[in-house]
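*Asks:* Below, each chain spelled out in residue letters.
Number of protein chains: 2
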Amino acid sequence: MSNLLIRNCDVLNVTIDSRAFILRDHDILIGGNRIEGVQPTGMADPSHFAQVIDGTGLLAMPGFINTHAHVPMVIFRGLAEDVSIEKWFNDYMWPLESNLQPEDVYWGMLLGLAEMIKAGVTSVADHYFFMDEAAKAVEKAGTRALLGWAIFGNNGLEMVERTGQFVKDWQGAASGRIRTIMAPHSPYLCDDDYLRANVKMARSLGVGIHIHASEEMGQTRASLDKRGQTPIQVLQQVGILDLPTIIAHGCGVLPDDMPLLAKSQAGFCHAPKTYLKLAMGYAPVVDFRKHGIPVGLASDGAVSNNTLDLWESMRLMALGQKQTQQSPEVMTIPEALHIATRDSARVYGHPDELGNLDPGSLADVILVNLKGLHHQPLHSVTASLVYNALSSDVQTVICDGQIIMRDRQLLTLDEGEIVAQVRANMERLAQRVPNKRIQVYNP
Amino acid sequence: MSNLLIRNCDVLNVTIDSRAFILRDHDILIGGNRIEGVQPTGMADPSHFAQVIDGTGLLAMPGFINTHAHVPMVIFRGLAEDVSIEKWFNDYMWPLESNLQPEDVYWGMLLGLAEMIKAGVTSVADHYFFMDEAAKAVEKAGTRALLGWAIFGNNGLEMVERTGQFVKDWQGAASGRIRTIMAPHSPYLCDDDYLRANVKMARSLGVGIHIHASEEMGQTRASLDKRGQTPIQVLQQVGILDLPTIIAHGCGVLPDDMPLLAKSQAGFCHAPKTYLKLAMGYAPVVDFRKHGIPVGLASDGAVSNNTLDLWESMRLMALGQKQTQQSPEVMTIPEALHIATRDSARVYGHPDELGNLDPGSLADVILVNLKGLHHQPLHSVTASLVYNALSSDVQTVICDGQIIMRDRQLLTLDEGEIVAQVRANMERLAQRVPNKRIQVYNP
Numbered sequence: 001m002s003n004l005l006i007r008n009c010d011v012l013n014v015t016i017d018s019r020a021f022i023l024r025d026h027d028i029l030i031g032g033n034r035i036e037g038v039q040p041t042g043m044a045d046p047s048h049f050a051q052v053i054d055g056t057g058l059l060a061m062p063g064f065i066n067t068h069a070h071v072p073m074v075i076f077r078g079l080a081e082d083v084s085i086e087k088w089f090n091d092y093m094w095p096l097e098s099n100l101q102p103e104d105v106y107w108g109m110l111l112g113l114a115e116m117i118k119a120g121v122t123s124v125a126d127h128y129f130f131m132d133e134a135a136k137a138v139e140k141a142g143t144r145a146l147l148g149w150a151i152f153g154n155n156g157l158e159m160v161e162r163t164g165q166f167v168k169d170w171q172g173a174a175s176g177r178i179r180t181i182m183a184p185h186s187p188y189l190c191d192d193d194y195l196r197a198n199v200k201m202a203r204s205l206g207v208g209i210h211i212h213a214s215e216e217m218g219q220t221r222a223s224l225d226k227r228g229q230t231p232i233q234v235l236q237q238v239g240i241l242d243l244p245t246i247i248a249h250g251c252g253v254l255p256d257d258m259p260l261l262a263k264s265q266a267g268f269c270h271a272p273k274t275y276l277k278l279a280m281g282y283a284p285v286v287d288f289r290k291h292g293i294p295v296g297l298a299s300d301g302a303v304s305n306n307t308l309d310l311w312e313s314m315r316l317m318a319l320g321q322k323q324t325q326q327s328p329e330v331m332t333i334p335e336a337l338h339i340a341t342r343d344s345a346r347v348y349g350h351p352d353e354l355g356n357l358d359p360g361s362l363a364d365v366i367l368v369n370l371k372g373l374h375h376q377p378l379h380s381v382t383a384s385l386v387y388n389a390l391s392s393d394v395q396t397v398i399c400d401g402q403i404i405m406r407d408r409q410l411l412t413l414d415e416g417e418i419v420a421q422v423r424a425n426m427e428r429l430a431q432r433v434p435n436k437r438i439q440v441y442n443p
Numbered sequence: 001m002s003n004l005l006i007r008n009c010d011v012l013n014v015t016i017d018s019r020a021f022i023l024r025d026h027d028i029l030i031g032g033n034r035i036e037g038v039q040p041t042g043m044a045d046p047s048h049f050a051q052v053i054d055g056t057g058l059l060a061m062p063g064f065i066n067t068h069a070h071v072p073m074v075i076f077r078g079l080a081e082d083v084s085i086e087k088w089f090n091d092y093m094w095p096l097e098s099n100l101q102p103e104d105v106y107w108g109m110l111l112g113l114a115e116m117i118k119a120g121v122t123s124v125a126d127h128y129f130f131m132d133e134a135a136k137a138v139e140k141a142g143t144r145a146l147l148g149w150a151i152f153g154n155n156g157l158e159m160v161e162r163t164g165q166f167v168k169d170w171q172g173a174a175s176g177r178i179r180t181i182m183a184p185h186s187p188y189l190c191d192d193d194y195l196r197a198n199v200k201m202a203r204s205l206g207v208g209i210h211i212h213a214s215e216e217m218g219q220t221r222a223s224l225d226k227r228g229q230t231p232i233q234v235l236q237q238v239g240i241l242d243l244p245t246i247i248a249h250g251c252g253v254l255p256d257d258m259p260l261l262a263k264s265q266a267g268f269c270h271a272p273k274t275y276l277k278l279a280m281g282y283a284p285v286v287d288f289r290k291h292g293i294p295v296g297l298a299s300d301g302a303v304s305n306n307t308l309d310l311w312e313s314m315r316l317m318a319l320g321q322k323q324t325q326q327s328p329e330v331m332t333i334p335e336a337l338h339i340a341t342r343d344s345a346r347v348y349g350h351p352d353e354l355g356n357l358d359p360g361s362l363a364d365v366i367l368v369n370l371k372g373l374h375h376q377p378l379h380s381v382t383a384s385l386v387y388n389a390l391s392s393d394v395q396t397v398i399c400d401g402q403i404i405m406r407d408r409q410l411l412t413l414d415e416g417e418i419v420a421q422v423r424a425n426m427e428r429l430a431q432r433v434p435n436k437r438i439q440v441y442n443p
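As given, the protein sequences belong to chains F and C, one line each in that order. Number 281 in the working numbering belongs to position 281 of the first sequence; there are no gaps in the numbering. Number 439 in the working numbering belongs to position 439 of the second sequence; there are no gaps in the numbering.
Isolated chain F, as found in the complex (with noise of 0.2 Å):
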């Protein structure tokens, strides 16, 4: 067990009510993967430690979340531009992913495991294809992974089985680095009984759901047109709001999805620029939270995000409430600092022990440069993190108390070998016969 100390560093404290300040030159003490205590600079001696970082200047913040993602979508980021949604699955991604071979996913997981490392992103629950090969690059990069392996109505049961059967296997592995959970598609392309037996999956292997729902409002609409019933409705008649649930990502949720959402043990993740690049409305994140229903940051995939990077989802959440609530007053920046931390860890299944640099903490904790021009004069460091901070300026990450970037480098990953690797392969990737798709969206 080596103990690390982060010598006189600010850290930023988001307190479970929602209010954010900063301890300015405190010492963060690890001690194996956890946190031990976060106190003024001066009481702990650094010869007791085995590694001490120094972070004077620098800005320690609990490292990201990002609560949905399709990470390997990196290998097609820039492929599927300025086309409606409908062109988007049908005539882009789908065609595009029918080309998705095992190790594609493998070097795609490492590839935006790498880049989300360089934005201070340490944990993200995924949702795609050939999860087995995903597992192996979380492992491999020393990050924390919530994995669900996505599935269709239309892959059968068997699919429910085989699915179950990596919950079970990558449960718990890489030190508890990785969990897993069940990962049936959405409500249109899964039936009733499909996401009934999801959740009995899910039910005995003691897992929740991580699912697309209500994602824009012409979604709810088909739903209310086809059976009289929102898209949230389905999903609790199935049974998945009684799990702990992501739902991606509720542009569609309508005032009278709210209480079953507030009494289930559902939370929302907020990718807004996906939403704003497809035209999908806002996610009603307010509301949300008025009702108590908690809301995470998160990416979705880079063909529809183009990066993975979380400072910008936090950014444009802000922006993006105080747009369509019509208030410049409401999503503070305290707000905006809480779903970025504690919310987000909630969301993700660990309230508690991520989100938050509280003793007994899993340490992950990422060091910030806020000296660059773009922050100068610092008058606030809580508004700079949230309006003007870069993923560029994460100096050092560490995750489950391993450093796995400092000064920039990445101390897990070979960059340049995962470049090569992707790049070898752009040309298959790239192809597309709109034809050769592997779903349809008609929902």
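Note that these hints are calculated values from the structure, not bench results. A few of these clues could be false.
As the list makes no split between identical chains, a pair holds if one copy fits it or if it spans any two.
[Stated by the list, open to error] Here are the simulated lysine-lysine pairs, DSS-like style, with alpha carbons at most 27 Å apart:
hint, residue 1, residue 2
1, K140, K371
2, K371, K290
3, K371, K136
4, K263, K436
Use these hints to put chain C onto chain F, whose structure you have.
*Replies:* Only chain C this time, still in chain F's reference frame:
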């Protein structure tokens, strides 16, 4: 006259009809302060040039043009967060600006120019106070600026004379890098006679007008209530629309205003982060363009926009237009790049010589490093520029034929000195006495 060769870069070419493509492996030849040619690598002999920059693996594009800012306001950055527009002006900004001394403008301007150079911005249309100081800062920084000394009706006609004198004193200074303009604040803080006095002065000096109008719909409604005219109709009536004019911000422009604007010499600057943050609605950029009205990117001041980052302005412009038009197919990547380059130059008043890398144009060139993991794999350079690039990806900046940043090191300015000078006055600058304000906002 030094000659400069940028060797073996990729070059962004945006056409006047909004197409965008990449010239691979080209050289850019610069003679004096102008582009001499862009040609495939191998034709030019590097030994014939006084300076050679290796552009291998870098993307060259025109320097960004910030068409509306209050650059020295960086000194107040982070001091007015999560408040309504009324409070922003009356309780924060205008009390804070009562602290302003000429030397604050000098150091604030230097700090903002340094931030912008590091983000690839080579020109700025700035609208602020004590503009002699701003001009000295531009002279030193080596960038380009269009400077207007902001005045209010209650400053009296002597300030029209004084700022007219500023226009004369600095027109064409710094070897032509500095141009000047009249800058009455807005129709809500200047009565018609005052605006007419500005028009008369501008005409006599052969310059245009830089003004705020129809910033958001509340101002338009107030103007209609008070006098039965939109702010744009007011501008037309007093003669402003007959001059080259930059209008900030236009979120309150009505469809009926469009024909007036279409036959004017006016263009709009667009600072979408500020509009989202202050819940001002969206400016009708797509409609402006349909009517042939130019739109340029802008940052506004850092107290609303937090940074002076035009990559972010470009991205939020595209995302916001898709959202408000409810179509992911509008404001395509080439259109966004057209606004960021040629159309910004048109608003700035240099339609032929800036915003492009055509032979004969002024040599304002930035080199962007797209090797970061957030760009990989680089299926689409143009998509990456609009949706992935960070200001920290800007590697080297050339303005007026001179290298002013090389490999992220500023060559004309001393970062440490500037930050120290601004920080030394932070306490004084942050003082705020609400009834000590320079104006009252009550449109």
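*Asks:* Which numbered hints does this structure break?
*Replies:* The structure breaks hints 2, 4; every other hint is satisfied.
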